[in-house]
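Residue numbers (my numbering), protein chains in the order written: chain R, 1 to 552; chain F, 1 to 214.
Any given hint could turn out to be false.
[To be verified] With a cut-off of at most 20 Å between alpha-carbon atoms, the simulated EDC-like pairs for lysine to aspartate or glutamate come out as follows: (1) F:Lys43 with R:Asp274; (2) R:Lys264 with F:Glu7; (3) F:Lys138 with R:Glu543; (4) F:Lys14 with R:Glu293; (5) R:Lys125 with R:Asp239; (6) F:Lys138 with R:Asp258; (7) R:Lys264 with F:Glu116; (8) R:Lys73 with R:Asp129; (9) R:Lys264 with F:Asp99; (10) R:Lys264 with F:Asp115; (11) F:Lys138 with F:Asp53; (12) F:Lys32 with R:Glu293; (13) F:Lys32 with R:Glu209; (14) R:Lys264 with F:Glu18; (15) F:Lys14 with R:Asp183; (16) R:Lys264 with F:Glu15; (17) F:Lys138 with R:Asp183; (18) R:Lys425 with R:Glu439; (19) F:Lys138 with R:Asp194; (20) F:Lys14 with R:Asp129; (21) F:Lys40 with R:Asp274; (22) F:Lys138 with R:Glu256.
The set of hints was computed from the structure by calculation and includes no laboratory data.
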Amino acid sequence: MTKKIFKSIVLVAGVVLLASIVIIMGVLYQYFGEVQENQMKDELSISSVAVEEDGVTYLSKLESNRYRITWIKADGTVIYDTKNGADTMENHADREEVREALSSGEGEGTRYSSTLLENTMYCAKRLSDGTVLRISMSRASAGALAFGMIQPILIVLIVALALSGILASQISKRIARPLNDLDLEHPLENNTYDEISPLLNRINFQHKEIKSQVKELQQKKDEFNQITSSMNEGLVLLDNNGTILSINPAAQNILETDEYCIGKDFLTIDRRHDMSIAIQNALNNGKSEIRSEINGREYQFDISRIQSANKTIGAVLLAFDITERELAEKTRREFTANVSHELKTPLQGIIGSAELIEGGMVKPEDMPRFVSHIKEEAKRLVVLIEDIIRLSELDEGSAMPQSEVDLLNIANEVKNNLDETAKAKNVSIQVSGKNVVIEGVKRLIYEIIFNLCDNAIKYNKDGGKVDISVSETESNSVIKVKDNGIGIAPEEQNHIFERFYRVDKSHSKASGGTGLGLSIVKHAVQYHNGTVTIDSQIGKGTEITIAIPKNK
Amino acid sequence: MRSHFDEQLAQLNKELIEMGALCEEVIALASKALSGADGKMAKKVASLDNEIDEKERDIESLCLRLLLQQQPVAGDLKQISAALKMITDMERIGDQAEDIAEIINFLDGRTFENDELLREMARATIRMVTNSVDAYVKHDIILAKEVIKSDDVVDKYFDRIKHELIDKISKNPDDGEYAIDLIMIAKYFERIGDHAVNIAGWVIFSVNDTHTEE
């Protein structure tokens, strides 16, 4: 800007100067031309009077460098010339001014000599004797004059331009300084030219707008971060080159990286081939899905393309931990397979016996044995189905009627119901402890004690014993079922609560269990927010402790 | 111009990581075939190896294009020349994995009595390759040096396997061919380990000033 102002000022100064020189010179040239002409005319009239008086004598006495006077006869012959010898000069009758003077008394003419670059002005007057007196004077032409003036003009020009240059640089700096010194952070506090105040107002307005927009953006970003950081699912945003734009803490955990990966390629944190293919697929086709295992956990990655105005601008990658779901699915599949198998076994027995009877292969005296076998198998089937129903009830987690339950009473009830079975195996049952009342589901508590006790009898030695004790600590109500039976090996202890798990792998019906008893115990205890602990040694016996917290 | 160059360098980096990932996958597959040989696995390995070869050609032409068109200097030149060297090693890894899969095919389902040793060796090798690619991705010199060191572990595995197989042949000369196949597999794994060491060396070169090979 300073430069531009400087240039303009210098240019204007130069142009004005040149124009004024030209105009002034033109006017002066004209003016002096007229003055000269008048002087010449005056001289001519003086000379003509003198020549009429004295003739050649006057002319010869006249000493003038400025004028040249020629006396010409009426026929054009030169009588006298102040500059050249008269005899050397040619006839002047055809000269314009002479012709005019001869005819009208006075004549004028101007001729230009290209060799001398001069204008020569002539004035002629007819004297009373018929001769003509001519006066002439040379004068430089405007161009020659200008040429002659070049040096002073140039000096003037240079001085003027130098002066204007210095002034212009000063002025332009001074004009521009307030603009340079503008405080754009606080546009309204500037006190400069009125012309730029609309601009400053505008800047101020935009400042405010930008500030509020930045604030809004920051707020949105914070919101986004808040939401994504508290998400359990991993979330990664990618641009269409696969560069990471954002990654939430959950995704950082899953992919074992940190926030410094933002701005890098997704490949740098997960370069697995099938993952790159999935991302590429999502970018091309809109959506893709991939399951993969990372550090022993199973994850599902859903990748979707983000589009804006029909242009792919990136992809969003969501990672879910599906380990539990997969596990649950697996358990359910296994459970279904086990249930079918367990249901089929007694039915096979029933069908087999029935076929034998049908075919008349059974002797009449064996008949009761076969019928009772069918009955036994059918009973087992019913028990199994009841167990399954109970278990699925517990799985459903549906609310069951709660009431005050006395643990000791139930333990006694169980003892009475199992006495017969115990006697058959020559096992004795003892119940000890005090009355402990809890808030719970009576049927489930009964199931817990019954199943534990039942197992303690089943897996016992001849002459063994089972102790059921009920007690309470400050925070828990405790039921202990202790036997001195065959015990459970440590590696089995983790599995005995699984459905259909049996320590004897043959699934033999010798013991008559369904394989669901302890599973029901586990779920029933969980229903009461309690815990089960096992303490068992092979050959010495097992103690199972159920602790149910008093305050749920 | 410069930004185009940067873009191309980023592309090179990306493709190298992809190629590294392919190498990891191919030897993981080959070692999986080791524990449960089936014909499909060998086919998969072969197709992956083709992919690796293709990637090598892509990266090679990208490197040459970069060298010709951009005439890189200093660090960039180092990175590109390291890339050119690394892809050769990676390509060899792919080939050797394919060779392993091929030999496993010949074994007709027979597995090494003491195949736990061979599998451990395979695991150690895979870890070396993974770490060398990781070192490249993260420009991690310490990890690269670790890879170079762990080559000794793989070499020791090879020695142990060799001794066991010598025992085997002396006890049961009929199993000679089988033992030789196994020693070839072990040798290939050992070579893959060496290539991983080379890659690690080039990582150190591209990050540092010198190419160290301890």
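Taking the hints in turn, this is what the structure says about them:
A distance of roughly 17 Å separates the Cα atoms of lysine 43 of chain F and aspartate 274 of chain R; the hinted pair therefore holds under the 20 Å criterion. With a CA separation close to 13 Å, the supplied pair lysine 264 of chain R and glutamate 7 of chain F stays within the 20 Å bound. Taking the CA atoms of lysine 138 of chain F and glutamate 543 of chain R, the gap is about 55 Å. The hint is violated against a cut of 20 Å. For the suggested pair lysine 14 of chain F and glutamate 293 of chain R, the alpha carbons sit about 23 Å apart, so the restraint of at most 20 Å is broken.
Between the alpha carbons of lysine 125 of chain R and aspartate 239 of chain R the distance comes to roughly 106 Å, so the proposed pair goes past 20 Å and is violated. A hinted pair counts as satisfied when its Cα atoms are at most 20 Å apart, and lysine 138 of chain F with aspartate 258 of chain R qualifies at roughly 12 Å. Note on lysine 264 of chain R and glutamate 116 of chain F: the hinted pairing is violated, with a Cα-Cα distance of about 39 Å set against a maximum of 20 Å. Using a Cα cut-off of 20 Å, the hinted pair lysine 73 of chain R and aspartate 129 of chain R holds, with the two alpha carbons roughly 9 Å apart.
The straight-line distance between the Cα atoms of lysine 264 of chain R and aspartate 99 of chain F is roughly 35 Å, outside the 20 Å bound, and the hint therefore fails. A distance of roughly 41 Å separates the Cα atoms of lysine 264 of chain R and aspartate 115 of chain F; the hinted pair therefore is violated under the 20 Å criterion. The straight-line distance between the Cα atoms of lysine 138 of chain F and aspartate 53 of chain F is roughly 24 Å, outside the 20 Å bound, and the hint therefore fails. Taking the CA atoms of lysine 32 of chain F and glutamate 293 of chain R, the gap is about 16 Å. The hint holds against a cut of 20 Å.
Proximity of lysine 32 of chain F to glutamate 209 of chain R is assessed by CA-CA distance (about 62 Å); at most 20 Å being required, the pair is judged violated. Between the alpha carbons of lysine 264 of chain R and glutamate 18 of chain F the distance comes to roughly 14 Å, so the proposed pair stays at or under 20 Å and holds. As the CA atoms of lysine 14 of chain F and aspartate 183 of chain R are separated by approximately 46 Å, the hinted pair breaks the 20 Å bound. For the given pair, lysine 264 of chain R sits about 14 Å from glutamate 15 of chain F by alpha-carbon distance, which is consistent with the 20 Å threshold.
For the given pair, lysine 138 of chain F sits about 46 Å from aspartate 183 of chain R by alpha-carbon distance, which is inconsistent with the 20 Å threshold. For the given pair, lysine 425 of chain R sits about 34 Å from glutamate 439 of chain R by alpha-carbon distance, which is inconsistent with the 20 Å threshold. Taking the CA atoms of lysine 138 of chain F and aspartate 194 of chain R, the gap is near 58 Å; set against the 20 Å cutoff, the hint is violated. Restraint check for lysine 14 of chain F and aspartate 129 of chain R: the C-alpha separation of about 120 Å exceeds 20 Å, so the hint is violated.
Restraint check for lysine 40 of chain F and aspartate 274 of chain R: satisfied, since their Cα atoms lie roughly 18 Å apart, inside the 20 Å limit. As the CA atoms of lysine 138 of chain F and glutamate 256 of chain R are separated by approximately 13 Å, the hinted pair is consistent with the 20 Å bound.
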